[in-house]
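With the sequences and hints as input, model every part of the structure.
Residue numbers (mature numbering (1 follows the signal peptide of the UniProt record, and there is no 0)): -25 to -1, 1 to 308.
Worth flagging that the hints you see were computed from the coordinates, not collected in a lab. Hints should not be assumed to be uniformly reliable.
[Unchecked claim] List time: in silico DSS-like cross-link candidates among lysine-lysine, alpha-carbon distance up to 30 Å:
| hint | residue 1 | residue 2 |
| --- | --- | --- |
| 1 | Lys38 | Lys56 |
| 2 | Lys111 | Lys150 |
| 3 | Lys111 | Lys56 |
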Amino acid sequence: MGRIAALALAAGAGSLPLLSSSAAAATTGRPIGRGAAREGGQVHYDRARRLAGDDNVLRTLVKALTPGATVPRPPAPEPLKLFDNLAMFSVGWVSAMAILTDDGIVLLDALTSAQEAETVLVPGLRSLGADHAAIKYIVVTHGHDDHYGGARYLAEQYGTRVLMAPADWDLVARKDPEHAPARDLDIRDGQRLTLGGTTIRLHHTPGHTPGTVSPIFPVWSGRERRTAMLWGGLNPPSDPSDLRTYLASIRSFRARMWQADVEVELSNHPNDNGLERAEQLRNNPDGPNPFVLGRPRTQRFMMVMHHMLRGRLADAEASSDTAHAHGTGLRAE
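Below, the structure is given as structure tokens:
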């Protein structure tokens, strides 16, 4: 869709491609596919739990990805700056982030509705001393209404530009034309969005939806600068083919995180102990920032996710094999 010269949306020349199945096998020690089904999903869930150990962030991730888990519905916290240039606005079960720059604001998601944009995002920014009228862009991480719900209101009220991956623009046009924002800017894999000297790298990570996007961007507190990531959509699909796509996204994004020296992990749902960490930061703003996991822990976060998704794939393939055997009268081995 329409490009604008002021928007530094350049395809990243250094982006890493998705790993092939053979490359995945080299990374994990075994191929992704039918062999995993014979092993059983529990083997992979157990590996994830061992890798998580007693780390509350990783243990919460395991719980969120365990089959049958539901998104928790905690009370909504007050707005909070997680870093000097990053604020969180939450209604409890879903959150949006605001990247604050010298030339305006980039929102990562827009909560569930026009009402929440008006009553949570706008006053929340004001309470933190930010100009709500300076929201220049909304990056919609994926095409579900709890992430784009307030985008139309902000676009109409403040002229905010809305970005989404093409596949999810198509998704929302089919499923929710009444509430979705008007189609605006497409996100290409590896694009850069630059505003006020801050550059956000936008990576396609399909799986949760066909057009899920996960950003990597700089954050700072005082003179301390870090690189942050936000995984765009956690809840796994059920179809084996979609689960393989999700696993490929984990592998490619983990490589991009390593390349970018990511040390900060963020989420748009309370599936990573994020709200608890936010309160820890609120209560002890001069202590270590609990969102700074460091490079090894952020990599381990992705490996825990990888093992949990391997388990989900093994279970899905076993279920598919059983259904096929019943349909043909053959015995499933």
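Inset, instruction - Starting from Lys38, check that the Cα of Lys56 is at most 30 Å away, please. - result: Roughly 27 Å separates the two Cα atoms, so the pair holds.
Inset, instruction - Take the C-alpha atoms of Lys111 and Lys56, compute the straight-line distance between them, and say whether it is at most 30 Å. - result: Within the cut-off at roughly 19 Å; holds.
Legend entry - Distance restraint between Lys111 and Lys150, which requires alpha-carbon spacing of 30 Å or less: Roughly 26 Å between the alpha carbons, so the hint for Lys111 and Lys150 holds.
Hint compliance for this structure: every hint is met.
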